Amino acid sequence: MELRAWLNENLERPWIEELRDPKNDEKKLFDIRRSWQAKLHESGYLGIHWPKEWGGRGLTVVENAIFAAEAIHAPPIASRVGINLLGPALIHHATEEQRKRFIPKMLSGEEVWCQGFSEPDAGSDLAALRTRAEPDGDDFRLEGQKVWTTFAPWSDWIFVLARTDPDDRYGGITFFLVSLHQEGIEVRPIRQITGESEFGEVFFSGALAKREHMVGALGEGWKIAMTVLAYERGSMSLAHLARFDHYLKDLVEGVRENGSLQRADVREKIARLLVEKEVLRANGYRTLASLASGQAPGPEASLEKIFWSEYSRRLADGALDLLGLQAHLLVHSPHARPHMDWAQEALYSRAVTIYAGSSEIQRNIISKRILKLPSS
Amino acid sequence: MQFELNENNALLKTSIREFLEKETPLAKSRPMMEETQEGFSKELYAELGNLGYLGLTLSESEGGAAAGVIGLAVVLEEMGRVAFPGPFLDLVLAGETLSRVKSQQASQFLQETVSGQKSVLLARSEALDDLERSVIQTRFDQDTIRGTKLPVPYGASADVLLVTTAEGVALVPRPEEGWKATSLPALDHAQRFVEISLDSPGRLLTDKQSADTILKEVDQLGALGASALMLGLMEGSLELTLDYIKERKAFGRTIGSFQVLQHRAADMWIRVESSRSAVYRAAWALENSLEEASLLVASAKAYCGDSARFVCGETIQLFGGVGYTWEYDPHIYYKRVKTLEQLYGSTRNQLEAALQSQGI
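If you read the sequences in order, they're chains D and B. For the first sequence, our numbering gives the first residue as 1, with consecutive numbering after it. For the second sequence, our numbering gives the first residue as 1001, with consecutive numbering after it.
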């Protein structure tokens, strides 16, 4: 297979070895991700499910998932947020000029993006956001604060939801693309329970948001945000499945090694994880089929978000139960499992049910928009 | 893979739904379950035969509708929705078994099964715990079948039994004075389990080896069919629940407006829809004889079993006290899925099958 040969030739060492290398600090690791992305882009392997027009290969999400499975030992790309979330929003809502300006550099990794949605008092209740965009001549000046901004410490640009009308809860929100390399912006890393600082806070005090970088019309930000969130929630199962396949394989190897694979309790636990993984894949194919028939992701995306995020917790918890303290050992510890960082995964799995609309918000969406249960 | 039904299957769904909503809403079907000996309406089953539903998966040359595995899933899902009583899936599986036995006798009985003239049922189990048992005790010897089968769902109403024996599958027509059939009343009052002791004349249709091959295929179809039934049952149960919590008032408001109940309803819906994905993905794989079919069918059966138990149990809980009464319908759904968890490959056997399909 062409891709496998290419990976053999181009991947210097597995990502887990980079993580294990004490010389690699977080900054260094992010640089590795950036240059890996550039390599993928040059060879045409990035965003293979994107339209050809925008640098992809016009293939399906299924093929993208096959790619993800093959590349399971490669570093994650740097612009995950940009490519997976902002990308579809630009394709759906941006002007031709904006697409030409931003998409190529996003793909090449030259410009890394982060998402400026959540605020200290606007998380699950996103429409309560208060970051303001004040008119300044033709352009705008931003005042306010964003939080939980993934990759903020390493990013070059941020896409921001800002309030342009204080009195209109949904219609008073506008979507801007803003450079992080300017006066009036301060980024502070936030340390997570894993010890890393993958995300941060972004403070705006008079930062420039150019009118030419406004996506959609004034007040259309909420609508565009919904596109972003739908893509964030839906159609992602297949991408996660490549990871889950790899994880479950490692878990099975682990219980084989520790001699417990024939125990009935162990078998039942692994069987349920296997079965649920296939259900997750079935849900993913189903979303895919509806996207392929031209439907935009709707409230059904909440099903996928809940399923994959809660599954990732069950899988990691299952591994910690069945592998015991071996699964607690950090990647650079002696005796750690060679191909899998369960400790990191177990902690990270506590984030996935919170970000991109917490499980509780997803259940609100299902009960209101699908089951039509009455408001209180 | 497609999830949207093709034109034929969409039409099938509409027709069977119309039929069932007219003939067997629970108000009409509960007396069949509760007041008849057979537990279902023989007239309705004859009608299903006339309409071609009993030969749904068989080829047209066998008098079937060639609707495939997906078509079967569609019909069973609809039957589940209204908790349709009786041995529909069992008749289909008996037909599938006969169709795989290439013999003159088999095809004659197949015609009568498909047209609904005769009730042909499989009698296989010899124990109540569904553990893997490699040795079948029932024997075929000198044109006589001797042994005990239990439970045989709806076995008392059968005209012909297809009996698994150590020698292969045997065909046993109901003798003049009947079988020694003992009723086994169980948790699901709509079910009719019997224990049948055989010392009856019959004919061997296959040897042991081809019986194993045939029954393995029939088992896959049975597991898939039971999954589709459970999908429908949880759908029906969820519909009941939603109607109820949108109407019922407490503390001056409809209880469906309480977030705690909304989230529980959302969890039920997640189970229903995920089961739907699992069932139709497995049906697709089975219909197209894909290699992963055994994993997917086992996964669907195990997942639908766990999910149906959860969904139909939640229905009773959300109905509150009336959910525990005989009069209301939640227990009809709950009991049916509890039984289906055990039949057609119990959840724990399916979990093991899923592991083994992956060499684990």
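Just so you know, the hints here were simulated from the structure itself, not pulled from any lab data. The structure displayed is predicted, hence computed values, not measured ones. The reader is advised that the hints may include incorrect statements.
Claimed, not checked - Estimated spans, in silico, between C-beta atoms of each pair:
1) B:Gly1321 / D:Arg188: 49 to 57 angstroms
2) B:Ser1061 / D:Lys249: 42 to 50 angstroms
3) B:Gly1252 / D:Lys105: 52 to 60 angstroms
4) D:Arg80 / B:Leu1184: 40 to 48 angstroms
5) D:His335 / B:Asp1243: 55 to 63 angstroms
6) D:Ile91 / B:Asp1243: 36 to 44 angstroms
7) D:Ile354 / B:Pro1185: 34 to 42 angstroms
Unchecked claim - List time: in silico DSS-like cross-link candidates among lysine-lysine, alpha-carbon distance up to 25 angstroms:
8) D:Lys105 / D:Lys28
9) D:Lys372 / B:Lys1118
10) B:Lys1042 / B:Lys1118
11) B:Lys1249 / B:Lys1028
12) D:Lys39 / D:Lys52
13) D:Lys27 / D:Lys39
14) D:Lys368 / B:Lys1102
15) D:Lys223 / D:Lys249
16) B:Lys1102 / B:Lys1118
17) D:Lys372 / B:Lys1249
18) D:Lys23 / D:Lys105
19) D:Lys27 / D:Lys100
20) D:Lys39 / D:Lys100
21) D:Lys277 / D:Lys249
22) D:Lys223 / D:Lys368
23) D:Lys269 / B:Lys1028
24) B:Lys1338 / D:Lys277
25) D:Lys368 / B:Lys1249
Even for Gly, the Cβ is constructed at its ideal location relative to N, Cα and C.
Evaluation of the provided hints:
A hinted range of 49 to 57 angstroms for the beta carbons of Gly1321 (chain B) and Arg188 (chain D) is consistent with their spacing of about 55 angstroms. Separated by about 45 angstroms at the C-beta atoms, Ser1061 (chain B) and Lys249 (chain D) satisfy the suggested range of 42 to 50 angstroms. Against the hinted window of 52 to 60 angstroms, the Cβ-Cβ separation of Gly1252 (chain B) and Lys105 (chain D) comes to about 58 angstroms, which satisfies the hint. Evaluation of the 40 to 48 angstroms hint for Arg80 (chain D) and Leu1184 (chain B) yields a failure: the beta carbon distance comes to about 58 angstroms.
Restraint check, His335 (chain D) to Asp1243 (chain B): a C-beta distance of roughly 57 angstroms satisfies the suggested window 55 to 63 angstroms. A C-beta distance of roughly 41 angstroms is found between Ile91 (chain D) and Asp1243 (chain B), which places it inside the suggested range of 36 to 44 angstroms. A C-beta distance of roughly 50 angstroms is found between Ile354 (chain D) and Pro1185 (chain B), which places it outside the suggested range of 34 to 42 angstroms. Taken as a hint, the Lys105 (chain D) and Lys28 (chain D) pair is honoured in the structure, with Cα atoms around 21 angstroms apart against an allowance of 25 angstroms.
For the given pair, Lys372 (chain D) sits about 46 angstroms from Lys1118 (chain B) by alpha-carbon distance, which is inconsistent with the 25 angstroms threshold. As the CA atoms of Lys1042 (chain B) and Lys1118 (chain B) are separated by approximately 10 angstroms, the hinted pair is consistent with the 25 angstroms bound. Restraint check for Lys1249 (chain B) and Lys1028 (chain B): not satisfied, since their Cα atoms lie roughly 28 angstroms apart, outside the 25 angstroms limit. As the CA atoms of Lys39 (chain D) and Lys52 (chain D) are separated by approximately 18 angstroms, the hinted pair is consistent with the 25 angstroms bound.
For the proposed pair Lys27 (chain D) and Lys39 (chain D), the alpha carbon gap of about 19 angstroms is at most 25 angstroms, so the pair holds. Taking the CA atoms of Lys368 (chain D) and Lys1102 (chain B), the gap is near 55 angstroms; set against the 25 angstroms cutoff, the hint is violated. Between the alpha carbons of Lys223 (chain D) and Lys249 (chain D) the distance comes to roughly 40 angstroms, so the proposed pair goes past 25 angstroms and is violated. At most 25 angstroms may separate the alpha-carbon atoms for a hinted pair to count; Lys1102 (chain B) and Lys1118 (chain B) meet this at roughly 19 angstroms.
Between Lys372 (chain D) and Lys1249 (chain B) the CA atoms are separated by roughly 16 angstroms; this keeps the pair inside 25 angstroms, and the hint holds. Proposed proximity of Lys23 (chain D) and Lys105 (chain D) is contradicted: the alpha carbons are some 29 angstroms apart, above 25 angstroms. About 29 angstroms separates the Cα atoms of Lys27 (chain D) and Lys100 (chain D), which puts this hinted pair outside 25 angstroms; it is violated. For the given pair, Lys39 (chain D) sits about 21 angstroms from Lys100 (chain D) by alpha-carbon distance, which is consistent with the 25 angstroms threshold.
For the hint pairing Lys277 (chain D) with Lys249 (chain D), the CA-to-CA distance comes to about 12 angstroms; that is within 25 angstroms, so the pair holds. Among the hinted pairs, Lys223 (chain D) with Lys368 (chain D) is consistent with the structure: their alpha-carbon atoms are about 18 angstroms apart, no more than 25 angstroms. With a C-alpha separation of about 42 angstroms, the suggested pairing of Lys269 (chain D) with Lys1028 (chain B) is violated against the 25 angstroms cut-off. At roughly 24 angstroms between alpha-carbon atoms, Lys1338 (chain B) and Lys277 (chain D) fall within 25 angstroms of each other, so this suggested pair holds.
Only pairs whose Cα atoms come within 25 angstroms are accepted, and Lys368 (chain D) paired with Lys1249 (chain B) is accepted, the gap being roughly 18 angstroms.
The structure shown violates the earlier hints numbered 4, 7, 9, 11, 14, 15, 18, 19 and 23.
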